[in-house]
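Can you join these two chains into the complex? Each is in its own frame, and there are hints to help.
Here is how the chains run, residue by residue.
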Amino acid sequence: MSIFIDKSTKVCVQGITGKEGSFWTKHMIDLGTNVVCGVTPGREGQEIEGIKVYNSMKKACDNHEIDASMLFVPPKLTKDAVMEALHSGIKKIVTIADGIPLHEMVLIRQAAKEHGAIVVGGNTSGVISPKLAMMGSFPHWIERVYKKGNIGVMTRSGSLTNEVTAMIVEAGYGVSTLIGIGGDPVPGTRFAEFLPLFEKDEETKAVVIIGELGGIMEEEAAEAIANGTFTKPLVAFLGGRTAPKGQKMGHAGAIVTGGKGSVEDKIKALNAVGALVAERPRMVGKLLEELGIPKE
Amino acid sequence: MKLYEYQAKEVFKEEGISIPNSVLIQDYDQLEDALNKVGVPCVVKSQVLSGGRGKAGLVVFTPTKELAKLEVKRLFDHELNIKNIMIEEAVNIKQEIYVAITVDPVLATGLLMVSIEGGVDIETLAVENPEKIIKEPIDLRYGLMPFQATKIAFDLGLPNEVAKELRNVILKLYKVFKKYDSELVEINPLFITTDNTIIAGDGKLMIDDNSMFRQSRFEKQEDDYKTEAEYDASLEGIPFIQFDGDIGLMCAGAGLTTTVYDLIHYEGGTIANYLEFGGPNYKKALKSMEICLKVPSKVILIVTFGTIARADVMAEGIVDAIKRLKPDRPIVTCIRGTNEQEAVKILKSAGLEPLFDTEEAVRKAVALAKGV
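If you read the protein sequences in the order shown, they are chains A and B. Heads up, the final residue of the first sequence is numbered 330 in the numbering used here, and it's a clean run with no missing numbers. Heads up, the final residue of the second sequence is numbered 378 in the numbering used here, and it's a clean run with no missing numbers.
Next comes chain B alone, as it looks inside the complex (with noise of 0.2 Å):
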């Protein structure tokens, strides 16, 4: 789970992590509040999950009020629907630096890296100057060591007093790390102000979702979702991302799913939806369809090939699914794996034609979804 910068930011402050002073409005009309409160100049900034904010214009930079009310005025009246804007104080940088700490899962580790080249896009930094980016490798057992992260803030070339106060805060970003079963913790930009104090000018935060059973400080929201069939599915643990092609997808694995995703594709049909209701899901197909049917599709498409995920009982969930639900849309089946005799025989007993190759039941979809 992705947390917003800004809880990302109250988990660093708890920390001993220094953050810009700030205050999170919900509406326009709460502005004027803020930029009292916060000063000009400030940094408003849209709270959204995608990356790229800063070009995308999602996070501006604004001198004076006047600027500072158009800009959120326009976030807030943005197609993303922007929930919360964060009206945040401009600190006077002397430099950026990044920091980050993840897992390394070949030398089965945890990864803390730091580079002096913050503030600027990572990804690009790695492949064009990956020198530049220091990593130290941390056994999970003892947790990050502090001569670990001194030696690589004195790396760094930095004033002595700085260098100082930057361990503390890559010591600190491990307590977060640990104690929120990240994948992901990430500032960049580190600011090193003018008065060489050091603040976290972002924050991300990702949290292993096979940790959530005992993360439960961070609870997704409803507001979180593009649409109700993603929070719907998000609520029954099932996979889904919602599309605006024309073909539903209700699949057995995530591998499967992705591969008849790529195999539509191949075939000049488009996606309404990603559904993969295989693993602990797979008596779930009346949910499943619920959820599809919420997607505006013309086609769903139900391919499995399932072990412990038994094709009888896949079979007799759908046919129970298209009774109750009455889908008023085609519906491709292609059930397989065990006892999969049995499941064509229920699909039959229902009316269905069941298809037992995956690549003619894409076939059809496509051609159903283009109204041949």
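If we strip away everything but chain A, and leave its shape as in the complex, we get (with noise of 0.2 Å):
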């Protein structure tokens, strides 16, 4: 089992002739995933690695069952490819496009609630259900980062989230699904609603949350656990701890403003409700052995 994706799930890819989206159409393939067409305007026709192209989401609905939109497409045409997805009737898109604008993104977040859709990103490498399916640009082939097992890991980062999941994986654990929700101050999707999914998920058996300064997605999952929403166990590793105030470090999300989203008050919140932070990468792994989760 897995979340939002596995072998199954019938994916489209828009933006599929161009250079990320053809190189990663490649290897999401090869990891297994089951994409069954490509969009970008003009090269209906072609074909990439195999894969059939059309004109327009509507022409690939009408000749495929899809079930997720990937989207390679760059930063502002985001917003018109998620609503042709959306208009489609497509209920799961990833987008890894970084630098949307903020106003376009709202509008993205607003018009995926309205359909009943998720969509993950932007700003992200996307979601992987490790040996089984990936919708993003994950090297799946680095066995220490993308082993399967039993920890659902939800991320706002790219680099780290290698940087942690080794370290899981180093402790013996390997990963049901990733989910990058991104590194934006308004993502597609939050932490906490991701969190239902996992909970209903059988072979996830806790959940690692790699998360940092700014915002307040790390208070919103341990509101989750405070509601019962979430019962499992959830180890979070939040990076900025040392982190000047007033000063953005790299994500734009990743600031502490209104006296909220310092990474104090996100252990604070966390702890309170029985979560555990990891003060290192590599205390992830060793808090997952304290807390008796099983390595298969």
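It should be emphasised that the hints constitute simulated quantities derived from the structure, not laboratory data. Please note that the accuracy of each hint is not assured.
What the hints assert, rightly or not - The list that follows gives simulated cross-link-like pairs (lysine-lysine, DSSO-like), each with its CA atoms no further than 30 Å apart:
(1) A:K279 to B:K184
(2) B:K181 to A:K282
(3) A:K282 to B:K351
(4) B:K185 to A:K110
(5) B:K329 to A:K294
(6) B:K178 to B:K157
(7) A:K234 to A:K125
(8) A:K147 to B:K300
(9) B:K290 to B:K181
(10) B:K351 to A:K294
(11) B:K210 to A:K110
(12) A:K279 to B:K8
(13) A:K110 to B:K157
(14) A:K110 to A:K182
(15) B:K178 to A:K294
(16) A:K282 to B:K8
(17) B:K100 to B:K226
(18) A:K279 to B:K290
(19) B:K329 to A:K147
(20) B:K300 to A:K279
(21) A:K294 to B:K290
(22) B:K157 to A:K279
(23) B:K329 to B:K289
(24) A:K60 to B:K8
(25) B:K178 to A:K113
(26) B:K170 to A:K113
(27) B:K304 to A:K282
(28) B:K290 to A:K110
(29) A:K282 to B:K100
(30) A:K279 to B:K100
(31) B:K351 to A:K60
(32) B:K170 to A:K282
And the structure:
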């Protein structure tokens, strides 16, 4: 089991003929992802990695059954591409675009909610269920990171995810599904909104959150534990404990503002509901052991 | 991008929001003229981007010309290297209000925030008296509706004519928010004068960095940066912050760089600079190292764990940068990710001793910085 994506998920790739699109489509297929078609306006009739390309989502949907759409589309065009997918009835959308304008991201999240859809990203590597399938740009062949197992992972970062996940694997665990929700201030979907899916997934025995300073998403995850929405063990690693106040540390979302978003506050909120917070990436694996999570 | 008060007020004025009379000066010699135009009492306002200017003594009310001159002299000599000072007329204030528009990431809306208790630190108010801040979500498809602004203006309990005027100011502020792709527009305090007019006492405008491609009006100037290295990094679009410690960070990935920053502190080290060359910048190792070498650090620590930002490409870039720049200080590398085995070979062939564990690399950099 896994959440969001497995081998049966029928995936369309928007922007499939681009450099990133064609490169990662190949790797998605190599991992076992069921890519059924692609879309690039003006490229209908072409094939990428044996996958048929259409001019529009409408045409793609007329010819294929599609469960999810993966966007390799530049940030300026992302709103349009997401809207096209939503209007075609797609309920799972992943966008890796880094640099989506803030007001457009607000409209994307709002539209997703109204259509009852999940948009993951932008500014993320996407979603991967190791050894099964992925939507995004993960080097799934690096086994000391992308090992299959029973830990659900959610993250706001890219490289830090590799770092922390390598430590989970080093401790003898693996990953059920890893979701990169992205580093922007307004992600399409938030940590707490994925917790019910991990709660239902029998394979997932614990969830690791890779967060950082800024925003209130880690606090929302703590709230989900407090109100009983999520009952499995949760371990967090949070970057930016020693970051200076009022200073953006890389991700646009990573800044302490309005007296909110400090790592201290997040630790307090998580500890209050019994979640554990690792001081260093390596501690994440150790805390999972301390919690008695089986290594399969 | 955060604008200066004078830039924000320029925008407000263009949209029809009243601002006090003022003159912007760059030099002490321009003060006499400015004082003649504005008159006294006046307010001397340093144009810096940091908040809390009043408490820091960077905004001062001066009842006489003599005091204004003393303050302006002091501020131009200030260690902050202040370039612009606004000499602003002192307004006869009856009441101070808080008005701001931002986005709500959870609801996926715009968010109008108004409080009858302006002038004070709104963050303190939010903690101590959250009920005194009225919040109104804005559907960004339709924009702020006049009825919403009207409702809030009247809910504050102001006299009718003032409430109507406040409604207009709020609607104009929303226009600014939209037009300038804002993360935040804020007027605090918004003055209600003794003759019941409404004037923006301050102005804050933050433009979303991801929208800067269509916001060409305001460009960053070299003067906006504390150091040459910060300016160079900004021109390249490389996230960079300079500190005054020992270890220069040249890492890839915002989250990983922040984590390395924490780990160095845990190990008792100090940071000379934060530089993040991941994402679209992963092929900029040469430029990144050039910037790091402008900072007086004792060691440069390179940590990456890239996906699209391939390890072998970054290793090649680093080796090339070392050959060309011949750094005068030790370099510690820990390069992992896509094609990492290849990366190790490339680094070793150039005589480096690549490490493979972040904590080990951090400890080595801290030891080198301490001269161990």
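Evaluation of the provided hints:
no. : hint             : result
1   : A:K279 to B:K184 : 28 Å, holds
2   : B:K181 to A:K282 : 27 Å, holds
3   : A:K282 to B:K351 : 35 Å, violated
4   : B:K185 to A:K110 : 17 Å, holds
5   : B:K329 to A:K294 : 45 Å, violated
6   : B:K178 to B:K157 : 16 Å, holds
7   : A:K234 to A:K125 : 19 Å, holds
8   : A:K147 to B:K300 : 48 Å, violated
9   : B:K290 to B:K181 : 39 Å, violated
10  : B:K351 to A:K294 : 45 Å, violated
11  : B:K210 to A:K110 : 26 Å, holds
12  : A:K279 to B:K8   : 16 Å, holds
13  : A:K110 to B:K157 : 35 Å, violated
14  : A:K110 to A:K182 : 35 Å, violated
15  : B:K178 to A:K294 : 28 Å, holds
16  : A:K282 to B:K8   : 12 Å, holds
17  : B:K100 to B:K226 : 37 Å, violated
18  : A:K279 to B:K290 : 28 Å, holds
19  : B:K329 to A:K147 : 52 Å, violated
20  : B:K300 to A:K279 : 25 Å, holds
21  : A:K294 to B:K290 : 34 Å, violated
22  : B:K157 to A:K279 : 36 Å, violated
23  : B:K329 to B:K289 : 16 Å, holds
24  : A:K60 to B:K8    : 41 Å, violated
25  : B:K178 to A:K113 : 26 Å, holds
26  : B:K170 to A:K113 : 36 Å, violated
27  : B:K304 to A:K282 : 24 Å, holds
28  : B:K290 to A:K110 : 23 Å, holds
29  : A:K282 to B:K100 : 37 Å, violated
30  : A:K279 to B:K100 : 34 Å, violated
31  : B:K351 to A:K60  : 27 Å, holds
32  : B:K170 to A:K282 : 38 Å, violated
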